[in-house]
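Trainee: Below are the chains, spelled out letter by letter.
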Amino acid sequence: MTTPAVRMVRLLGTVSLICGMLIVATKLATSTRIRQNQETIMRDSVAELLPGIRKQIIYAIEPSGELKIVPGLETEGPRLFAGYDAAGRFLGVVIETSDRGYADTISAMYAYSPDKQAITGFKVVDMRETPGLGDRIRSDPDFLANFHDLDATHPPKVVKHGSKKNPWEIDAISGATISSRAVGRMLDKSVKDVVPVVLKNRDRIEKGN
Amino acid sequence: MSEAPRTETGNPFTNGLWKQNPVFVMVLGMCPTLAITNSVRNAVSMGLATTFVMVVSYGLISMIRRLIPKQVRIATYIAILATAVTVVDYLVKAISIPIYVALGAYIPLIVSNCLTLERAEAYAGKQPVVASMLDGLGMGFGFTLALTMLGAVREVLGAGTFLGVHLFGPHFEPWVLFLLPPGGFISLALWLLFFAAWKERAAKREKTAEAA
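Chain order of the listed sequences is W and V. Heads up: the first sequence at position 87 corresponds to 87 in my numbering, and the numbers run straight through without jumps. Heads up: the second sequence at position 133 corresponds to 133 in my numbering, and the numbers run straight through without jumps.
Pulled out of the complex, with its shape left as it was, chain W reads as follows (with noise of 0.2 Å):
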């Protein structure tokens, strides 16, 4: 004879072995096609970065802070993208950039230029923020427009909405500053750590090796 108590327990016991088996069979069934369009995502964000890309490399920063070619998105940790044209001409790097935003971390890319020492283009590609108010940094004209050729030998700071006097200043969204402050932390922490790989590395991402 069963008590009360067995019974709660039998039936919640058995309610949570069945949900996990679906959660965890859903996962495995979705997981090759969730890194498929993050890959996708990635990719297509580099191409939209560097205009006129026919080719990109991958290169992993390594703790050491040098560079290693990696064949996909697998790897974990900092990444860059090295874009070329169909003639093989170097455009430009990608750098994989986040920080804490309003709910969650956001995680965004951004093209630098070596020659122009300058941010030429910003996406978001994953973020939580406030539908509305602070996503407005993945779609705002205006904000975006900061980033054509934002220069990056000063750190990028963001200044509030309207008073961008500065070539390295970032022009805020006016009642999102909680999110375009991270987008400026987010870019003055890698400006400071990874574009001096880039430019230490430059020949040899040039050159594509």
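Read the hints as simulated data drawn from the structure, not as lab findings. Positions of the beta carbon are idealized from the N, C-alpha and C atoms, including for glycine. A portion of the hints provided could be inaccurate.
[Claimed, not checked] Chain W is nowhere near these chain V residues, computed Cβ spacing over 10 Å in every case:
(1) Met26
(2) Leu163
(3) Leu167
(4) Lys199
[Unchecked claim] Chain W side only, calculated, beta carbon under 10 Å to chain V, not exhaustive:
(5) Met8
(6) Leu11
(7) Ala25
(8) Ser31
(9) Ile41
(10) Glu62
Dock chain V against chain W, hints included.
Mentor: Structure of chain V alone, referenced to chain W:
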């Protein structure tokens, strides 16, 4: 949540869709209703994700309803709802990452939406499988319809667009207030006012017809 027995009459599908619309009649699920309805696309995606969760989980809950001890029914409902939500989360990510990014934190929050739990308790825990799934489908479509109506008002007035297509000329000054949280409350109040006035007129007309 009320323990009082409810009387559920009529077709479970049409009840949820209109007569007992979760947003405009029962005023349930206000968190996503007010938070994500600043564009039609977000509203429709959220509504469909909620519909999937309700149909699948109500089917499962109804299937095992006689085995669930009364004391642990809410815990069981939440475990099943959370599983359906996690499945939706993975499916949306596998189908389209842009939609997954647009819905943000609101997919996981479906599990704590009082609409989903209320219907599990009031209907799926007591009714047969097909009726429960139809109730989930009707409530889900009713929720999607209400979210879309709110999203349409807010997107048109707040951004001057509908489904991202610009409706007015370059001189249109968007009423940004409608994209902000107060805009959600104002739009909801306007729709509730509209339906209350409509109901009152219909009742008056019925009274006049009866008197004549």
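Trainee: Identify whether the interface hint at W/Ser31 stands, where standing means a beta carbon of chain V within less than 10 Å of its own.
Mentor: Holds, about 8 Å.
Trainee: At 10 Å, judged by beta carbons, does V/Met26 keep clear of chain W as stated?
Mentor: The claim holds: V/Met26 sits with its nearest Cβ about 24 Å from chain W, beyond 10 Å.
Trainee: Grab the minimum C-beta distance from W/Leu11 to chain V and call the hint holds if it beats 10 Å, violated otherwise.
Mentor: Interface hint status for W/Leu11: holds (6 Å vs cutoff 10 Å).
Trainee: Hey, does V/Leu163 actually stay past 10 Å from chain W on C-beta?
Mentor: Consistent with the label, V/Leu163 stays out of reach of chain W, its closest Cβ about 14 Å off (over 10 Å).
Trainee: Report holds if the minimum CB distance from V/Leu167 to chain W is greater than 10 Å, and violated otherwise.
Mentor: The claim stands: V/Leu167 keeps its Cβ more than 10 Å from every Cβ of chain W (closest is about 17 Å).
Trainee: Answer holds if the nearest beta-carbon of chain V is closer than 10 Å to that of W/Glu62; otherwise answer violated.
Mentor: violated (28 Å)
Trainee: Does the interface hint hold: is W/Ala25 within less than 10 Å of chain V, judged Cβ to Cβ?
Mentor: Since chain V brings a Cβ to about 9 Å from W/Ala25, closer than 10 Å, the hint holds.
Trainee: Examine each Cβ of chain W, and state whether all of them lie more than 10 Å from the Cβ of V/Lys199.
Mentor: Given a closest Cβ separation of 31 Å, the condition holds.
Trainee: With a cut-off of 10 Å, does the beta carbon of W/Ile41 approach a beta carbon of chain V closely enough for the hint to hold?
Mentor: holds (5 Å)
Trainee: Per the CB criterion, is W/Met8 less than 10 Å away from chain V?
Mentor: holds (5 Å)
When the structure is compared with the earlier hints, a violation turns up for hint 10 alone.
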